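Number of protein chains: 2
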Amino acid sequence: MSNAATQVPYKIYLREDQMPKAWYNLRADMKTKPAPLLNPGTGKPMTEQELSAVFCQKLARQELDNDTTYVPIPEKILNFYKMYRPSPLVRAYCLEKKLNTPARIFYKFEGNNTSGSHKLNSAIAQAYYAKQQGLKGVTTETGAGQWGTALSMACAYLGLDCRVYMVKVSYAQKPYRREVMRTYGAQVIPSPSDTTAVGREILSRNPDTSGSLGCAISEAVEASRAETGYRYVLGSVLNQVLLHQSVIGLETKAALDEYGIRPDLIIGCAGGGSNLGGLIAPFMAERLRGESDCRFLAVEPASCPSLTRGVFAYDFTDTGRICPMAKMYTLGSDFIPAPNHAGGLRYHGMSPILSQLYHDEYLEAVAVPQREVFQAAEAFARTEGILPAPESSHAIKTAIDEALRCRETGEAKNIVFGLTGTGYFDLAAYQRFHDGTLTDSIPSDEDLARSLEKLPKL
Amino acid sequence: MSNAATQVPYKIYLREDQMPKAWYNLRADMKTKPAPLLNPGTGKPMTEQELSAVFCQKLARQELDNDTTYVPIPEKILNFYKMYRPSPLVRAYCLEKKLNTPARIFYKFEGNNTSGSHKLNSAIAQAYYAKQQGLKGVTTETGAGQWGTALSMACAYLGLDCRVYMVKVSYAQKPYRREVMRTYGAQVIPSPSDTTAVGREILSRNPDTSGSLGCAISEAVEASRAETGYRYVLGSVLNQVLLHQSVIGLETKAALDEYGIRPDLIIGCAGGGSNLGGLIAPFMAERLRGESDCRFLAVEPASCPSLTRGVFAYDFTDTGRICPMAKMYTLGSDFIPAPNHAGGLRYHGMSPILSQLYHDEYLEAVAVPQREVFQAAEAFARTEGILPAPESSHAIKTAIDEALRCRETGEAKNIVFGLTGTGYFDLAAYQRFHDGTLTDSIPSDEDLARSLEKLPKL
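In order, the protein sequence lines correspond to chains Y and F. All residue numbers for the first sequence refer to our numbering, where the first residue is 123 and numbers rise by one. All residue numbers for the second sequence refer to our numbering, where the first residue is 123 and numbers rise by one.
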C-alpha cells in the first residue's frame, strides 16, 4: 500500500503528448499463454490464413501474436484517439467522503465520447485495418448497443459500410440506439433475424427468444461471408480487442505514476472482458514480473456468471457454431441469460486471456445481482454526478463494497475501477428500477448443467 | 487576425489550478447597462427586497449588481465544478479539413457532464445559495430538459427538494429526461398543468397547447409561492445566470491565451442567452474597452427569432404576467413557437444584457431554419464524433457557413463557437430528420404582429 499524494486533482487528464503511442500486448508477458483458437471443423489450431477469412489480415496476425510486447498505434488511429482521448482518471473525492472510507478511489471514465463507452478504442482500430486492406465494409453484432455505435462512428470517419446485428432485447429496450447508429450511417438489424440461415434456424426453434450475443455473432459472421469485400469484426473477447483496449490501462498507469500512486486493487465489469483486460494490462505485467502484489477483480452479473459458475474448457464462441472455438470460462454456447439490463454482460464466455489469468489465480471474480447494481448506480450518480451504464455499475457496486471493507479494517487502499460508460440509453432500465419492477434473474444449477452438457467433445 | 500556434492539441484542458476562481460580471464594463427589471404591478424598478420574494437573497443581489467586476466563486461551488470542469476547448481539425477552409475552428464543449449541457454551471450556484439561505427547496421550469436535469443534479448534491415544470412538448418528446431527473430525486410536472391557477387558465383557453417556457415559468413561480421555504430559480435570461455562465468564457479565454490565439468571431446559439452571454463575456470586455475587434454572433431558430424579428421593449418575462418585466428583444409573451426540436431555444424573449449589446451593435444575430440545422448536426457528428444537441447545432450550422466564407475569401480567421450540449435525448428529432418528416416552421409577419400587440403599455 502506497501513499497517495495530497495534491491529486479531481480529474487527471494526460497531455496529448503523454498519450500512449503503442498498445501493450499482455500475452508477451504471460507465462502460460492463452490457449489457441481451434477450427470448429478440424479441431486444430486456427492458422493466420484461416483467420484471415473471417478477420482482416492485420487483425488475424494480432490475434495470434503472443510475442510482440508493444504494437505501435498507426498515426491515423492516434489522431482519432485525440478526438476523444485521453479519458479522465477521476479521483472520487465525493464518493470517498460519502462512504467515510480511508480508501482512495479512482475511476477511469471511458464514457466521454458519443458511443458512450470504451468500445471506440477497438472499433477505430478494426475499421482502420479493414479500410487499409481495401475492404468495402464490416459486419458485427452488438449487445447493449455500445459496440455497434462505436463501430458506426469509426466507419463513418473512414468511409466504410457498417452492418450491425443487434441483440433483440436491446433493440427493443433501446430504440434510440438505432437512431444514433443511423446518424452515423449504419444499417441495424435485430437478432435473431430472417436475413441469415443461423437466425432462421434459431427463430424456428425459439420464436420468442430475446436473443443473445452468441447468436448475433453467428449472424454477423454469416453475413460477412455472403458478400465479397466484407469481414467480420468483434467488440470483445478476442486477443486483438484486449490489445487495443490496453490504451485504457496505459493511460491509467501514466496518470497514476504522475502522482506516485500504486493501486492495491483494480476492479472492472466483465462481459467478454475487453474493458477489464485493457484496464489491468500494464498493472498485471508488473504482477506477473513479481514487481507488485496488486489484486485484480472481475465483476460479472449473477444472471450470466461465466467466471464464477462456468467451466474452463474449449467451447464454441457463437450459438451457430461457425466461429473458431476458444478455451475459456463458459456457461455453454447455448446459454441464454434472462433479459437483464446490462446487455453488454450477457455473453456466455470470457476472454481467453482473462480466463487463463483467472485459472492461474492472478485474477479474482465476483458475481453481483442486478438490483444491488442499480442501487449502487443511483447512489453513484447522485454523489459523483455521472449517470453510469448498468454494465459499469457492476464495478461501482464492488468498488463501494471494497471501500466499505476498508472502513472496517482502517486500510487506506488505493482502489481503481473502470467506469466503462454512460447510461443515457439505459433509462428504461432505470425506470423499472424506480418502479420496483426490476428483478434479479439467477440461473439454477440445473439450467447451467443443461447448457454445459453441450460443450464440444475434443 | 492573429496567427494560431501550430502546436495546438485537439483538446485543450486547463489544469485544475488554472480554473477561474471568480465569475466575471460583464455589466460592470458595459457603458449602457441593461435596463432594470420592473415590478409588473407598479411599473417601477424591482428592489432587492422585492426580488428576494422570488429569488434567494444572494441571487437577488447578483441580479441587481451592475458594478462588481469579479464575484468570487464559493469554495463548495468550485469543488462541484471540479467534478465536471474544466470543459475541453476543442480544435476542430477534422471539420476544418472536411470543409477545406483556411479558418481555424474551435469549440468549447459543455456537454461532458450528465446534464448534457452548460446549464449545470448556474444550477449549482443557484442551488448553493438556496441551501445557504436555509431553504427547503426550489421550483423551476425546463424546456429541452437540460436545465431541469442540471438543477436535479445540483439539488441531489446539496440535499435540496427540486420541482420541475417541463414544457409539455419536451415532456412528450423526451420520456427519458424524466427518468434522469427522477434518478436525481426530482419531481417533474408537464406544463401547462392543473397544479397551478396559471396552468389551469391556459389549459382552459387552449387545451391542446404544446406549452412554452413562458408558461412553465409562470407555473414554477406560482408553485414557489404556494409553500414556505421555497424559491424560484431560472436557467437563463437573468443577469445572475449570465454571471455564473461567465465561467465558460473565462476558461475559453485562458485556454486560447495559453496558445496565443485571439478569436476573430465568436458564435453561440441563443434561446434565453445564457450560454452565449457566458461564452463571450471576457472577450466582449476587450471589445468594449476598444482592445479587440472580435465579432460576436447570436444564432436563433427561424421559428423563434426574438433578436432578428422581435422588438426591443419592456415585456412580460412569463405568459402568466406574474414575474418582473424586462427590457429585451421580444416576440411578445403570448408568442408560442411551433413545436420545433430545439426546446431550449423556444423562449419569446432574450437576456437583457445581450439585448442591450445587440441594440448597441456590439452583437450580431442570424436566424436559421431547422432542417439546415440538423444537416449541419449530422455532418458534425460524422466528422468530429460528437452527437450535438439541436440547440448547439444552430451554432455549428453558422460556424460552418462562416468557415466556408473564409474558403471563398482565403481568410484564416479564428472562429470559436459554443457547443453547449449533447443530443442523446433528442433522437426522436434526429429520427424525424432521417425520416424526412421534420419541417421548418417560420412564423408569418401577421403572427408576430398579433403577438407584439400585447406588449405592456408603460
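Among the hints, erroneous ones may be present.
In this list, chains with the same sequence are indistinguishable; a pair is considered to hold if it fits within one copy or across any two.
Calculated pairs, DSBU-like style, for lysine-lysine (alpha carbon to alpha carbon, straight line, at most 30 Å) [what the hints assert, rightly or not]:
1. K143 x K253
2. K576 x K133
3. K198 x K180
4. K143 x K153
5. K166 x K133
6. K153 x K133
7. K258 x K576
8. K153 x K204
9. K143 x K258
10. K579 x K258
Don't read these hints as lab results, they were simulated from the structure. Every value quoted in this text rests on a predicted model; they were computed, and no experiment measured them.
Here's how the hints hold up against the structure:
no., hint, in the structure
1, K143 x K253, "within (21 Å within a copy, 47 Å between copies)"
2, K576 x K133, "neither (48 Å within a copy, 51 Å between copies)"
3, K198 x K180, "within (15 Å within a copy, 51 Å between copies)"
4, K143 x K153, "within (25 Å within a copy, 52 Å between copies)"
5, K166 x K133, "neither (48 Å within a copy, 48 Å between copies)"
6, K153 x K133, "neither (35 Å within a copy, 40 Å between copies)"
7, K258 x K576, "neither (37 Å within a copy, 61 Å between copies)"
8, K153 x K204, "neither (34 Å within a copy, 43 Å between copies)"
9, K143 x K258, "within (28 Å within a copy, 52 Å between copies)"
10, K579 x K258, "neither (37 Å within a copy, 67 Å between copies)"
Of the numbered hints stated above, those contradicted by the structure are hints 2, 5, 6, 7, 8 and 10, listed in ascending order.
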